[in-house]
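Participant: From just these sequences and the hints, can you work out the full model?
Heads up: the sequence shown is residues 183 to 1178, going by this note's numbering.
Keeping only pairs whose Cα atoms sit at most 30 Å apart, straight-line, the calculated DSSO-like set for lysine-lysine is:
#: 1; residue 1: 288; residue 2: 337
#: 2; residue 1: 950; residue 2: 1021
#: 3; residue 1: 405; residue 2: 295
#: 4; residue 1: 664; residue 2: 458
Derived by calculation from the structure, the hints in this document are not laboratory data.
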Amino acid sequence: MVVTFQQVWQILNTDIGELLGTPGETVEAGAEVSKASLELMIALGLLGTPLAPAAAVAAGLSFVGLSRKGLNLLRAKTNNKPTPEQWVGIAFPLAYIMSFDSLVHKNDWLKVKIGVGVSGNDIDNDAKQQIDQLGELNLDQALVDQAWDYFPESKLGQALNQQLSQYLKQVGLDPNIIPLVTGWVAWGTYGCIDSLLSYEPEDIVNSFSLHRAAAQQTAPTRKYGNIETYLTEQISPNPSDPNRLQLWKVLGEDFKIPDIYVPLKAQLLDTNGKVKKQANPVNLESWAKQQLTNPEKNGQVMFIQGGPGRGKTVFCRMLADWVRQHLHPIWTPILIRLRDIHTFEKNIENTLRAAVQADFAKKDGWLTDPNTRFLFLLDGFDELRMEGRTIGGIEDFLKKVGYYQENCQQNPNLGHRFLVTGRELALQGIVTPRNLERVQIALMDETLQQQWFRNWGNLVGQDKATGFKRFFQAQHCPERVKELAQEPLLLYLLAAMHRDGKLTDQMFVGASSTNAKILIYQTALDWVLTKQRPKDLHFEITEQETEDLRRILTEAGLCVTQAGGEWASITMIEERLKEDDGARELLEKAQKRIGENPLRNALAAFYLRPASGSGVTEGAVEFVHKSFGEFLCALRLQESLEDWTEPRKKRRGFTIDNDQLAEEIYDLLGYGRLTPEIVDYLMALLDTSDDFRPVQLFERLEDFYGRWCNGEFIDILEETTLPQKTGQKLRKHGVELGQRQVDIAAGLNTMILLLELHRYAQTKDELKDKISFHPCGKPDTEGFDSKRLLRIINYSNSVEVDNFLKTIGGLLSLADLRWVNLIDANLSSANLIKANLIKADLSSANLSSANLSSANLIKADLSFANLIETDLIEANLIEADLIESNLIDADLSSANLIEANLSSANLIEANLIKANLIKANLIKANLIKANLIKADLRQADFRQANLTGANLTGANLTGANLENISWNEDTKWENVQGLETAINVPEALKNDPTSP
183 MVVTFQQVWQ
193 ILNTDIGELL
203 GTPGETVEAG
213 AEVSKASLEL
223 MIALGLLGTP
233 LAPAAAVAAG
243 LSFVGLSRKG
253 LNLLRAKTNN
263 KPTPEQWVGI
273 AFPLAYIMSF
283 DSLVHKNDWL
293 KVKIGVGVSG
303 NDIDNDAKQQ
313 IDQLGELNLD
323 QALVDQAWDY
333 FPESKLGQAL
343 NQQLSQYLKQ
353 VGLDPNIIPL
363 VTGWVAWGTY
373 GCIDSLLSYE
383 PEDIVNSFSL
393 HRAAAQQTAP
403 TRKYGNIETY
413 LTEQISPNPS
423 DPNRLQLWKV
433 LGEDFKIPDI
443 YVPLKAQLLD
453 TNGKVKKQAN
463 PVNLESWAKQ
473 QLTNPEKNGQ
483 VMFIQGGPGR
493 GKTVFCRMLA
503 DWVRQHLHPI
513 WTPILIRLRD
523 IHTFEKNIEN
533 TLRAAVQADF
543 AKKDGWLTDP
553 NTRFLFLLDG
563 FDELRMEGRT
573 IGGIEDFLKK
583 VGYYQENCQQ
593 NPNLGHRFLV
603 TGRELALQGI
613 VTPRNLERVQ
623 IALMDETLQQ
633 QWFRNWGNLV
643 GQDKATGFKR
653 FFQAQHCPER
663 VKELAQEPLL
673 LYLLAAMHRD
683 GKLTDQMFVG
693 ASSTNAKILI
703 YQTALDWVLT
713 KQRPKDLHFE
723 ITEQETEDLR
733 RILTEAGLCV
743 TQAGGEWASI
753 TMIEERLKED
763 DGARELLEKA
773 QKRIGENPLR
783 NALAAFYLRP
793 ASGSGVTEGA
803 VEFVHKSFGE
813 FLCALRLQES
823 LEDWTEPRKK
833 RRGFTIDNDQ
843 LAEEIYDLLG
853 YGRLTPEIVD
863 YLMALLDTSD
873 DFRPVQLFER
883 LEDFYGRWCN
893 GEFIDILEET
903 TLPQKTGQKL
913 RKHGVELGQR
923 QVDIAAGLNT
933 MILLLELHRY
943 AQTKDELKDK
953 ISFHPCGKPD
963 TEGFDSKRLL
973 RIINYSNSVE
983 VDNFLKTIGG
993 LLSLADLRWV
1003 NLIDANLSSA
1013 NLIKANLIKA
1023 DLSSANLSSA
1033 NLSSANLIKA
1043 DLSFANLIET
1053 DLIEANLIEA
1063 DLIESNLIDA
1073 DLSSANLIEA
1083 NLSSANLIEA
1093 NLIKANLIKA
1103 NLIKANLIKA
1113 NLIKADLRQA
1123 DFRQANLTGA
1133 NLTGANLTGA
1143 NLENISWNED
1153 TKWENVQGLE
1163 TAINVPEALK
1173 NDPTSP
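Facilitator: Written out as structure tokens, the structure reads:
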């Protein structure tokens, strides 16, 4: 005979006091049942009392205990012989509520929103009607089978979901959140059923054995099970895959990231990426959590920037795991390393699908599923692989993310959030979306360092931790080292080397910041080569073999950099080592001992690991931290740059002739771009080397640069060109670069080295007259070509928009650009500090947000140029042409603008504090709200200029022409000098400056 749920529930429909048991009875272990769960149980009719007795919950009974008592009551009233239908009719609703109770307890967001229940409100009519419909469901074998098969989509699961939805609606939950809760509560019911069965008699357990086995086999392959697997394997610090587990280990140590991690602080940034000076640093985790849970921020992309070693990737891992534990399924974390993305589709949804690589993301509707809402953590926008850059680059990718975030805010079927991290320098010349909520990871302050020391002591012993702390805080510890120890990665390296006796008091005396960092990396490299890692190779290595290993690692650093900076294939590294006899012999020795691929084992031992996201079938490796790869690449480049200037022993010239030099330059530099970090390491390494011959190196690179500018290496018809040869070699290993890309990269990277040598020479009296780089050739010589740099810019940009700006733009400080023609050039955000631009033609150029502080722009043509928010502090603009230039928000404080032509220029809100504008032409200039405090305006021509709201406090207007100027009551004239000697002063201004 078929019974209904209501009939079965009559068995359990009892007073709450009977279900709770007598006072003093042993309380079941576990979290106290929430008021919301008890309300739902009563609403479903499983308890027949009003809500008033719910205060008994305070006694500490867990829902496991409450459910067990319910099943005990069922057995008692059926003489220990409940039918499968009766057991399912009681157990599954109890398990469903248990799942709901568990979610309320562990989910911080839900705990706040509904933990207190509905505050005694009566059940509405709709809810009462649905309860009645649920009670009328027939409890037959088909319903039992369906519940076991896949409960979230079963008739019973759907009915309970509807009732929970009504309850959550009554609580006041957002309608778009409710399906997230009900779907995952239904999924969690399986685990609660297993928990209840563990307390049941054997005969009942056996009666459902086949159902359980089938459910356990199919559940993980369904949507919810697949997401749970993803969270366990990809997000939690305890995955079953050893390779995934290594991602949580700290640089080869036995302990994991959570064991040493301390929460970071961050500085709030404005929309232009500048630090908000009035805002205090914030706890980065708290900031991210507030951004995530604040509905008003749903349209904003959380954007975290920071330099290398600041903890961006670790933060992403820790935040993703916290969201997994405390906010899922309200937010389900998806962590994507952008270096692992191989396919950049026009549609960002497809790009995300390819990056996630999980079954739940393969379905077309995975991003519009009402039961899921994701937090996408996109780590490393600066690590987007070269293939991605060719389709629009970082700027295009960020625009898509920003647009999609806005779309998510407007579309309730989406609702996802994005958090993006990366290095600030990668934003050079990029227009970022307007909906970025930006912060910058701050250096570790003393409070955070103290927390870190405590964690370190827990791991290595308080004695060693105290010893390192004393070393670190001692007076003889160099300030440079203390500064570097504010970066988490370097703090760990210093502590680990101190623990192992590799850190001494005298190591860093007189070292610059970059040199100190190099010392740390070099010591760390020696440390792992000689002490920490040889045991992993299963044999002792000699001093010579240590050098062979060092060369293997530097070659790996170069390969990883050439392959896009993230990973390189094993075969690529093997091929580069073919000509190295020592390395080859070492690997052969290793192969005899361990029998496997010796290179793979050697690399795995030294801060490298398998690159699981590479997609390379024959194996690939990546550095545990990108900084290691950059440092090793710099070591490899240092070796070649020194070889290029090695003189012959018996004849004049060099051991490497010009043809071989060109081939090696393409081989080493014919890829992507040298990062600022690599360049800094390289120059510091060269500066301390006895084999560095700067003049000879400059002359050889300058000769190559001239030949490259003339197209000598690519305009060859009779034979294979060097760009083609290099491109073919790189393509074999998955680096897709065409001839033009290789040629452009080789030229621009050579230009970077020449600019660096030029800057280096300016600091050395003995080199100033011997090394001077002129990108267009030396002015007043036959070889000077004013348009050469403009052609290079246009050629570079032919393979990628603004490629020149992204590659060279940040490295133009102190550059000698006299008389160059850069009409219409895009140099937005370029670093031109102290650059020499005398008589340069920059008309109509885009120099917005560029840094031209202390630049020499005497007689430069800047007419119609875009100088919005440009830094021109202390710039020399004597007789410069700035006609109709756009200087909105530009900073010209203390700039020299004597006799400069600013007619019709737009200077709205420009900063001209203490600027020298003697005899400057400001006819029809727009100076609304400009700051002219203490500016020298003697004999300046202000005819028809607009000074509305301008601040001229303390300015000198002696002899200035003020004919037909505009001003208002907000214009400030306090303490103005020389107004009585100015000419054509409006009568109203003479009588009352505050009344225009």
